[in-house]
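J.: Residue strings, one per chain:
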Amino acid sequence: MPSLKDLKIRIDSVKSTRKITKAMQMVAAAKLRKAQESAERGRPYAEKMREIVSNLASSVKNIAVDNKFLRDGSNSQKFLLIVATAERGLCGGFNSSIVKLAKARIAELTSQNKEIKVLTIGKKGREQLNREFESLFIGHVDLSTEKNITIDTARKISTDIIARFERGEYEVAEIFYNKFESVISQIPTSHRLLPVSLNEKETDAENISFNFEPEEDEILTEIIPKSIATSIFSVLQENAASEQGSRMAAMDNATRNAGEMIDKLTIDFNRSRQAAITNELIEIISGAEAL
Amino acid sequence: MTKKFDLTIISAESKVFEGEVESVLVPGMIGDFLVLSDHAPCISSIRPGFLEYSEGISHKQRYFVSGGIIEVINNVVSILVDSAIAGDKNVKEDITALISEINDKLSNEDYTNKDDLGLRKNDLEEALKQT
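Chains as they are written, first to last, in this note's numbering: chain A, 6 to 296; chain B, 86 to 216.
Do not take every clue at face value.
What the hints assert, rightly or not - Below, a list of computed lysine-lysine pairs in the BS3-like style, where the Cα atoms sit at most 25 Å apart: (1) K184/A to K206/B; (2) K100/B to K152/A; (3) K20/A to K39/A; (4) K13/A to K24/A; (5) K161/A to K100/B; (6) K184/A to K36/A; (7) K36/A to K206/B; (8) K83/A to K73/A; (9) K53/A to K100/B; (10) K161/A to K89/B; (11) K122/A to K184/A; (12) K89/B to K53/A; (13) K100/B to K39/A; (14) K214/B to K161/A.
Simulated from the structure, these hints should not be mistaken for lab results.
Sequences are here, hints too, so could you generate the full structure?
T.: Encoded structure:
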């Protein structure tokens, strides 16, 4: 049975923990709003980019251009997995769920005897993958110095992965991240970055014949790196929003748990105090009776 | 009155402009070209330079763009730019910064796309003269 003093110390420490989690929850809520706003602002660009690429692709299909970014990659042997996680922990299952998905994919590809390389974005994912797959690492992107994600960061990453693609280090690139559904639900997702898949939704513009300046092939070589940078940018933005959402939910939970714990400890504290008083009273009364 | 068409200029981080305009002058990869209403559908990449749209005779707006892509379909013109700086601000410094960035890359021996960079540099120097 802990003494009254011990209980008091525990209650105080849980109370200060609750203050911290409450503060973290509010900070995450503010950051989430910001992250969502910037994701919102970036959306028209990303949508238009996808539209232009699919317009281009559907007109290229007719003239059968052999562009290195557009091959279907079905018989590829070398895979690059880009695992995008957060720089910080304390955000519930955010990081682990991405890592879990990536690990499953690594296992699947290993069983097919494919060559796998891993590029990590964000410290937490790297730490979790380090134990088993250190030999597969070919690079790491540190986001800890970036306060807000900018398109420049995404461009740097895409320049790097395109250079590796051109050097033949891999044939297919897949990216792993958390898709932001709502504050309480983030879905670990993966999609293929390279080669660009052609059979996306057909637009109404399919029947329009475009004039291209310069030729289709040249535009493709120019636009595909841009569209990859844009996809990476939106992945990073989704991830940032998911991270804050996940942290907010986790901290909300922690705050509630701390509250429950304080209630329980307070009841214990009151009971032991009452027990001590009763005890003393009994001692006095039985002492008086003995006289 | 000249017929108007819809123009949207979007950068990766925000929408730069959206509205009805009479014409837009675009620094295309092969050469500058002017888009008026009922322009044929086209997709073209943009080199670094000045983009100018006009909402009326007296309403002209100039932007310095560092590259991008334009799509024209059925009187809807969308321009995706890497970055856009309104022309009435002082853009000289920005252009000089871009040029020195390219110089750094050119002096780096690992860099493979030197021809492209050289062309970009020429475009930027051209743009600098126009300021």
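J.: Each hint: holds or not?
T.: Status of the hints after comparison with the structure:
1. K184/A to K206/B: 39 Å, violated
2. K100/B to K152/A: 22 Å, holds
3. K20/A to K39/A: Violated, at about 29 Å.
4. K13/A to K24/A: 17 Å, holds
5. K161/A to K100/B: 22 Å, holds
6. K184/A to K36/A: 17 Å, holds
7. K36/A to K206/B: Judged against 25 Å, a Cα distance of about 39 Å means the pair is violated.
8. K83/A to K73/A: Given that 25 Å is the threshold and the Cα spacing comes to 15 Å, the pair holds.
9. K53/A to K100/B: 12 Å, holds
10. K161/A to K89/B: Roughly 39 Å between the alpha carbons, so the hint for K161/A and K89/B is violated.
11. K122/A to K184/A: 23 Å, holds
12. K89/B to K53/A: Distance of about 21 Å is within 25 Å: holds.
13. K100/B to K39/A: 17 Å, holds
14. K214/B to K161/A: Violated, at about 29 Å.
Against the hints set out earlier in the document, violations occur for numbers 1, 3, 7, 10, 14.
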